[in-house]
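*Asks:* First to last, the protein sequences are chains H and V.
Heads up: the first sequence begins at 2 in this note's numbering, then just goes up one per residue.
Heads up: the second sequence begins at 75 in this note's numbering, then just goes up one per residue.
Because the hints were derived from the structure by calculation, they are not lab data.
Note that CB positions come from ideal geometry on N, CA and C, so glycine has one too.
Check before you lean on any hint, since a few could be wrong.
Short, incomplete list of chain H residues facing chain V, as computed with Cβ under 10 Å [to be verified]: (1) Ala10; (2) Arg13; (3) Ala14; (4) Glu111; (5) Pro119; (6) Ile120; (7) Glu485.
Non-contacting residues of chain V with respect to chain H, defined by C-beta distances greater than 12 Å in every case (computed) [said to hold, decoys possible]: (8) Glu99; (9) Pro127; (10) His286.
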Amino acid sequence: MSPRGPLRAIFRAKSRMARHGLVSLRRESRLKVAVVSLSAVLLWWGAFRLFGGALGWLQIFGGEAVGTLGFSAGNLITGRLLSSLALALFWLLVFSSSLVTFATLYRAREVRFLLTAPIGYRTFFLGRFLESALLSSWASAFLGSPFLVAFGLIAEAPPIFYLGLLAIYPLFALIPAALGAIIALAALRCLPILGKRGLLVAATVGVGGFFVFIRGRLAALDPGTGASLETLLEVMRTAEHPALPSQWAVSAILELAAGSPSAAAPPLFLLCVAASVGVGLATVLAGWIFFPGWSALQGVASGQRKGAVSSRGILRKWVGPLPEPYRSLVFKDILLFWRDPAQWSQFLLFFGILALYAATMRRSSPAYDAQLWRGLIAMLNGTVGLLILATLTTRFLFPMISLEGRRAWVLGLAPISWRQVQRQKLWLGVLATSGFTLLITLVTSYRLRLDGFSIGVSLFTVAVTNLALAGLAVGLGSLFANFEEDNPSRIVSGMGGTLNFILSMAFVVVASGIQAALLQWRLVARWGGWSSDLLWPASLGLGGLSLLAALTCFIPLRLGRRRLEKLDF
Amino acid sequence: MIRVEQLSKAFGPKTAVSELDLEVEVGEFFCFLGPNGAGKTTTIKMLTGLLRPTSGQAWVAGFDLQTQPLEAKRRIGYIPDHPFLYPRLTGWEWMEFVAGLYRMPAERWRPRAEELLETFELSAETDQLVEHYSHGMRQKLSFASTFLHEPQAVIVDEPWVGLDPKNIHRVKAFLKQQAQLGLTIFMSTHSLTIAEELADRVGIIHQGRLRHLGTVDEIKALASHPGSLENVFLELTQDEG
Chain H
2 MSPRGPLRAI
12 FRAKSRMARH
22 GLVSLRRESR
32 LKVAVVSLSA
42 VLLWWGAFRL
52 FGGALGWLQI
62 FGGEAVGTLG
72 FSAGNLITGR
82 LLSSLALALF
92 WLLVFSSSLV
102 TFATLYRARE
112 VRFLLTAPIG
122 YRTFFLGRFL
132 ESALLSSWAS
142 AFLGSPFLVA
152 FGLIAEAPPI
162 FYLGLLAIYP
172 LFALIPAALG
182 AIIALAALRC
192 LPILGKRGLL
202 VAATVGVGGF
212 FVFIRGRLAA
222 LDPGTGASLE
232 TLLEVMRTAE
242 HPALPSQWAV
252 SAILELAAGS
262 PSAAAPPLFL
272 LCVAASVGVG
282 LATVLAGWIF
292 FPGWSALQGV
302 ASGQRKGAVS
312 SRGILRKWVG
322 PLPEPYRSLV
332 FKDILLFWRD
342 PAQWSQFLLF
352 FGILALYAAT
362 MRRSSPAYDA
372 QLWRGLIAML
382 NGTVGLLILA
392 TLTTRFLFPM
402 ISLEGRRAWV
412 LGLAPISWRQ
422 VQRQKLWLGV
432 LATSGFTLLI
442 TLVTSYRLRL
452 DGFSIGVSLF
462 TVAVTNLALA
472 GLAVGLGSLF
482 ANFEEDNPSR
492 IVSGMGGTLN
502 FILSMAFVVV
512 ASGIQAALLQ
522 WRLVARWGGW
532 SSDLLWPASL
542 GLGGLSLLAA
552 LTCFIPLRLG
562 RRRLEKLDF
Chain V
75 MIRVEQLSKA
85 FGPKTAVSEL
95 DLEVEVGEFF
105 CFLGPNGAGK
115 TTTIKMLTGL
125 LRPTSGQAWV
135 AGFDLQTQPL
145 EAKRRIGYIP
155 DHPFLYPRLT
165 GWEWMEFVAG
175 LYRMPAERWR
185 PRAEELLETF
195 ELSAETDQLV
205 EHYSHGMRQK
215 LSFASTFLHE
225 PQAVIVDEPW
235 VGLDPKNIHR
245 VKAFLKQQAQ
255 LGLTIFMSTH
265 SLTIAEELAD
275 RVGIIHQGRL
285 RHLGTVDEIK
295 ALASHPGSLE
305 NVFLELTQDE
315 G
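Bound-form chain V, shown alone (with noise of 0.2 Å):
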């Protein structure tokens, strides 16, 4: 569903991404686990069709991100840290405005919004204009918009920032059905029991480049003491040198 060959991204002299290659299958859930500016923010803007690479491919659903950006887009779903929001639109109006920029018609937006709304325990408050959500609402609505359009891949970078523990419940327990329902989801967490939790692989990222690859019991495997994937983070992106 996800495919990644040799993609690069430099800043002028810095190399943000480095030469990466990776695939992420239909149904998968798939971790992308890293320090801070490891990497993993520039990746997924490239995923995205935010930036473009300095060198490489990247496919999503069959669809090049370079020349048949519509097309992907039109297949995945962007939860990002901190998702934007017009402050004065009401929850069912976002909705609306979603759709159309999908051009969803109205018996399939209506329905699929409503079930939606309901799952992420919004339907009381979507005559209320944004500005007057509180953050966790904000961001349930910004989870419920992303998954309007059905797409077949949803990239999610950090997602629990501003949720209860209720709601990390409620959205981990909803991203896992959907992975086995089909959807491919590719997320970008700092939370490694979560990751742990819900991975059908990790890939590890470090200075840019796909350090490691695998299940989270691979990923285990290889650190000289066993523990939990925390520690075994903590050691293989110790910096070298």
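This is chain H alone, in the form it adopts within the complex (with noise of 0.2 Å):
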């Protein structure tokens, strides 16, 4: 018999994890099974008939054939849409991938184990490689299939549209992924020459110039001017350069769409080849430079930490004023993720989006002069604040109960409560969130020169929903802990944590819809035939939200206390 490859006991290994995991749900409650299934189910449904929605509206609203080109506005605008949305895509997953490599290259438990086998790295690279792609890619398909679908009803695709779209994806989701791995490698890389400030500094004047550019390109927009259509297709347009990869995807999509299998043909091709291209670079990339990089590594670990004394100094003093035990709770919180650069540069990530988005809007603008366009742009802030709010308590406070680990037994048999334990990750996580959240509501409310109740509301809906969001996922983060993982990013990928996500979405949507029926009251009002008097439906929807967000945070923290309650050590 031939040797197994080491490649191939890798993958068998992943299969056969992935395979155990699934029987494991047979050991979980059905309740719960069923719920996280159904709640998937609804926000899978959810987003397509949303997605359906919008592009449909497109279509009717630049139906008709434009001019003697013969062709449609509609059109125009669902491709370029679909450029923009596949290019924004592409960046986001290389940066994600980025993070994810460094997690499962160089911080996993299991790389020291497969660094002592006789393994190159290279098949090393490859073994861990598919897990981090798949990891960093998985949700946006998940989000994206959505859409894609309803794109191919709409435009009344034929079946091998959907069976391409298996195709187009994975090849598509690739290409990022490799870049971000060939990122992350060559950053360790330089590890040694720029040390860890330096390094830290460079990352940092990529990441900013990078979201200079962006800013650059988006403030070319004004959505005052009669021209802004016409502006916004043409800033869309740079996202059609036949050189992007996301073009080719995007383009073979279309062809199959319009039925044309040979069309899409050649974006296929290409995207094969870029996908081999870029997989192999990364592969050999990782032959050469993994080892110093990950070398060095340990050495910064062991090192001593320069600076780390003041730092903690100054840790001690914010966090002095709390009492025991949630000083020390806190501080041993703050003091990991600061330590754990795929931890803190996700969060900044989010943030930095958010900070772009705010210093894009203009500070004035004639749109803003109509009280319908100033709504309409603050309820749409909101849902995007409260969205990336949503992305955030998933990512970062539902994993902290279980990041305890192992060491979750020093919790269990201190004389703290799991009550103790929630609520100083809750209100940490609360006080960390609404901090930026606040902050970007109150700048974007400012510049749309928004009158007093509108803050207000804006206020109010940003402050309950990170209450809500920041128990939801510390009670679903307790209900579902798992100890024995320690990379936050594969206990996101869990049943817990989709689940969280779906409900945090649900949440968000509820909250936005009370938030843009408050603000749009005279429409609301005029539609349903009601007063227009505010005091009312003021305080029955911010009642009724306050409410909603006092069950979202406390039902799953208890059903999560009790969980932990009944854990042996």
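Join the two chains into one complex using the hints; note that each chain is given alone, in its own frame.
*Replies:* This is the structure in structure tokens:
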């Protein structure tokens, strides 16, 4: 019998683990599994309906042929929208892949074991790379699929379109995954040359430069002028550059939707070549530079931390007024968070996106003179901020209890109740996220010149959503705690993380709906034939939102606490 | 079997291991002793290919760990203090996975795996997921898988964590038997009584430098007062100044 290849052994072990994981679902409560599955289906269905409605509206909006060219403005906008979304997704995947690669290639516990085995660094890289590509791209596949299916139905695409998507997405996702891996490998290789601080500065300059570039592009948009649609389409046109892999994917999608598989072949071929070259290049590079980077990182971990003493001192002062045991728990959580670049860099990225959004917003625009536009923009602001908040709490707060890991017995045996541990994580989360989200809401409201009532409603919605989503994340994080796993990306990818994300999104939809109704009450009242007086709707809306937030926060916390209290250590 | 020449490792300004020279013969049971932070783990990481030395060279079975790492690793078995195992694999699947990493054909690894699992009293649990194993069982599975590919040299870092006295006795007997069969063992431990019992030679590292090297009797003779290896170790590793 021929010898087994190490790569085959790794993939076989991974597929067996996935199978055992699925089988272990049988041991989970049926209610839990049913709730998660149903919620996932509902989220998918909700997104599908929403995207379907939006794409349908675009077709109606620009359905008639324009001028002598005979093409539909709706098709033009849809095409450019697809290209822009694909390009944005491409860069998001590059960033998330570089962080996930850092975690799976350099930080995961199994890395040390694999490196003592006689497998080359290229084999090792390939074995880990596919896992990191999967971890960094599954969520976008889940959230992107309703959009593409809705698009297929609107475009009356043939069955080959849906089959083609199964090939296009993995090929497309491999390209940013490979690029992200190359960035991570190169950054770690530069560690001995630049040092930790130098690397941090280089990363900040790189990401900052990217944000400035994007801001420059977006600044060209002016929703207030009559030419805004034209300008918007012009800016979106840059996403259609033929050299962009995202555009190859979009071209293949559009051709398949139009029922021309032969025309889809060239962009599909380009995707295939780019994915192969990208993965090949990353693999070759890993063979050269992975080990020096890994070895240098071990040095950083073992070396003395310059400035760590003074930063610890500052942090101690900040948490000083807190009573024990909260002080020690908060101190520990912030310190561990700060020492894990994969954690704080993603946190910064989320707020970077929000800050970019706020910075791009114009201080004055003729569009802001219209109450309707102001209300709509304020509502979209709020929704975007809250959606990012939902992602944040799922990504960072949900795994916090699980990340206590094998040290959870320390908390289990200490004279601290699980209620106190949950309370500490809840308020730490609420404070960390509210600071940023309230500030950004305030800044955007100021820029939009909203009236006091609208500012108040926006701030109130953001504040209660912070509490609800933090409670939901800590509660479900306790209920689905996985103390065996130390990779937050994997913890979040499980059943509990999925449920948390879905319920968070559902809460955001409800909260945004209430906010929208209050900000546009005149329209709503006219449509429903109600009084335009705001007292009762505001009291009912905000009161109902508060009640919903309290239930969303405290029910999962209670369920989670019950589970933690039953744990054996 | 294991040869180290002028091996050094510095982490920034801190030198963890400094100009280490050492040779461990085929079939020798070598114990590497030293207080916490002396440089034992750093040395082991360099010998297993987990760390790149700042200077110097290391060979295992004649293969340079820098230039021929795969050849060297093929001949090494490594047992860390806290072994890694995939919790969602069964014991048998773990053995199969390790066999795959070492490119072992089925006709070679299957009988060997059965024999080792029998030796470490895990045969009855091979179909259970590792996540259901106790710490001691995980440690024993790690031992069994380390010996699966019949290494020529085994590097062991504090292997007694989580083992009960019966299993410590079994592991000691197993290691001794393997050394008699020609296996080279390089063991880092804080258990001086076990080192005294098993070691053919002992090396004491302190503040990154190999301070003393010799048989247990030779090391004992270095102390101002004759006594157990523990007393001698404490005297030899007293901080200077």
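*Asks:* Give a verdict on every hint.
*Replies:* Now for the hints, and whether the structure bears them out:
Annotation: interface hint on H:Ala10 holds; nearest CB of chain V at approximately 2 Å, less than 10 Å. Among the interface hints, the one on H:Arg13 holds; its C-beta lies about 7 Å from the nearest C-beta in chain V, closer than the 10 Å criterion. For the restraint placing H:Ala14 at the interface with chain V, the shortest Cβ-Cβ distance is roughly 4 Å, inside the 10 Å limit, so the hint holds. The closest approach between the C-beta of H:Glu111 and any C-beta of chain V is roughly 6 Å, which is under the 10 Å cut-off, so the hint is satisfied.
With a least beta-carbon distance of about 4 Å to chain V, the hint placing H:Pro119 at the interface is held under the 10 Å criterion. For H:Ile120, the suggested interface contact is upheld, since its CB lies about 6 Å from the closest CB of chain V, less than 10 Å. Contact between H:Glu485 and chain V, as hinted, is supported at the beta carbon level, the nearest pair being about 5 Å apart and thus within 10 Å. For V:Glu99, the non-interface assignment is confirmed: its Cβ lies about 22 Å from the closest Cβ of chain H, beyond the 12 Å cut-off.
Distance to chain H contradicts V:Pro127 as a non-interface residue, since its nearest Cβ pair spans about 9 Å, not more than 12 Å. For V:His286, the condition that its CB be more than 12 Å from all CB atoms of chain H holds, with the nearest at approximately 25 Å.
In this structure, the one hint that does not hold is number 9.
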